[in-house]
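**Student:** Protein sequence lines, in the order shown, are assigned to chains A and B.
Be aware that the first sequence starts at 719, since it is given in my numbering, and climbs by one per residue.
Be aware that the second sequence starts at 209, since it is given in my numbering, and climbs by one per residue.
The hints are simulated quantities; they were obtained by calculation from the structure and are not laboratory data.
C-beta atoms are modelled at their ideal positions from N, C-alpha and C, and glycine is treated no differently.
Among these hints, one or two may not hold up.
To give an idea of the chain A side of the interface with chain B (calculated C-beta under 7 Å), a few residues [said to hold, decoys possible]:
1) G760
2) L761
3) Y766
4) H816
5) G818
6) F821
7) G822
8) S823
9) G824
So these bits of chain A aren't anywhere near chain B, every CB distance computed over 10 Å [as the list claims (entries may be wrong)]:
10) G720
11) P726
12) L729
13) R731
14) K732
15) G734
16) V737
17) N744
18) G781
19) S785
20) P793
Footprint (simulated), chain A over chain B, 3 or more residues, beta carbon under 8 Å [claimed, not checked]:
21) 218-232
22) 238-249
23) 254-268
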Amino acid sequence: DGGITQSPKYLFRKEGQNVTLSCEQNLNHDAMYWYRQDPGQGLRLIYYSQIVNDFQKGDIAEGYSVSREKKESFPLTVTSAQKNPTAFYLCASSRGGHYGYTFGSGTRLTVV
Amino acid sequence: DQQVKQNSPSLSVQEGRISILNCDYTNSMFDYFLWYKKYPAEGPTFLISISSIKDKNEDGRFTVFLNKSAKHLSLHIVPSQPGDSAVYFCAASDFRTSGTYKYIFGTGTRLKVLA
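My request is simple: use the sequences and hints to build the entire structure.
**Tutor:** This is the structure in structure tokens:
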């Protein structure tokens with residue numbers, strides 16, 4: 719059963735700590751994306767990757783980092799430099815063209 | 209600078225009636241538009257799409273209309289059902305200028321269908 723998996727579903731982090739959110743897909747999609755959702759602000763693009771070993775900054779990349787060493791995986795690290803990390807994070811993948819995205823179920827990160 | 213705007217944060221509709229969700233955009237280079245539906249604590253799911261070369265696309269109860277001159281698209285749901293209660297996002301991409309299929313999302317409209 720193909721899909722995209724984000725883990726964990728809920729994550730708590732102490733201020734000043736880095737944390738990595740996992741995103742794995744078995745859809746054989748080339749492109750992967752990270753979005754952040756905040757109340758009243760829709761989905762904002764953090765980073766995206768169109769092929770393995772390549773990625774580009776989105777609109778709000780400051781304080782985040784990513785890697786794309788495997789086609790199936792696109793982890794997102796929220797660093798201590800991110801000023802407001804508490805949010806709902808969504809990972810998505812796409813086979814390219816105008817097929818839209820398949821989204822994961824999201825990770826809710828809370829900084830305590 | 210919000211390139212894709214959904215000016216109505218919420219909408220309530222009676223079951224069986226039509227729901228109309230609106231979306232405005234500023235970038236005339238957008239060439240493809242999508243609508244997504246999202247339930248709380250879940251990822252969005254794809255609903256329907258439309259290319260800029262069309263002005264209407266229909267899929268069952270869902271129809272999307274595109275008015276390029278007004279830079280406006282709308283999603284019609286007929287008839288509305290309680291299970292349609294969710295947040296709806298419109299999204300747009302401009303492959304012709306960006307060379308990528310990354311989408312810019314609106315802020316969402318929360319639809320509530322009353323039984």
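**Student:** Could you run down the list of hints and mark each one as holding or not?
**Tutor:** Verification of the supplied hints:
{"no.": "1", "hint": "G760", "result": "4 Å, holds"}
{"no.": "2", "hint": "L761", "result": "4 Å, holds"}
{"no.": "3", "hint": "Y766", "result": "5 Å, holds"}
{"no.": "4", "hint": "H816", "result": "5 Å, holds"}
{"no.": "5", "hint": "G818", "result": "5 Å, holds"}
{"no.": "6", "hint": "F821", "result": "3 Å, holds"}
{"no.": "7", "hint": "G822", "result": "5 Å, holds"}
{"no.": "8", "hint": "S823", "result": "5 Å, holds"}
{"no.": "9", "hint": "G824", "result": "5 Å, holds"}
{"no.": "10", "hint": "G720", "result": "14 Å, holds"}
{"no.": "11", "hint": "P726", "result": "13 Å, holds"}
{"no.": "12", "hint": "L729", "result": "13 Å, holds"}
{"no.": "13", "hint": "R731", "result": "19 Å, holds"}
{"no.": "14", "hint": "K732", "result": "23 Å, holds"}
{"no.": "15", "hint": "G734", "result": "27 Å, holds"}
{"no.": "16", "hint": "V737", "result": "19 Å, holds"}
{"no.": "17", "hint": "N744", "result": "16 Å, holds"}
{"no.": "18", "hint": "G781", "result": "20 Å, holds"}
{"no.": "19", "hint": "S785", "result": "18 Å, holds"}
{"no.": "20", "hint": "P793", "result": "17 Å, holds"}
{"no.": "21", "hint": "218-232", "result": "violated (count 0)"}
{"no.": "22", "hint": "238-249", "result": "holds (count 4)"}
{"no.": "23", "hint": "254-268", "result": "holds (count 3)"}
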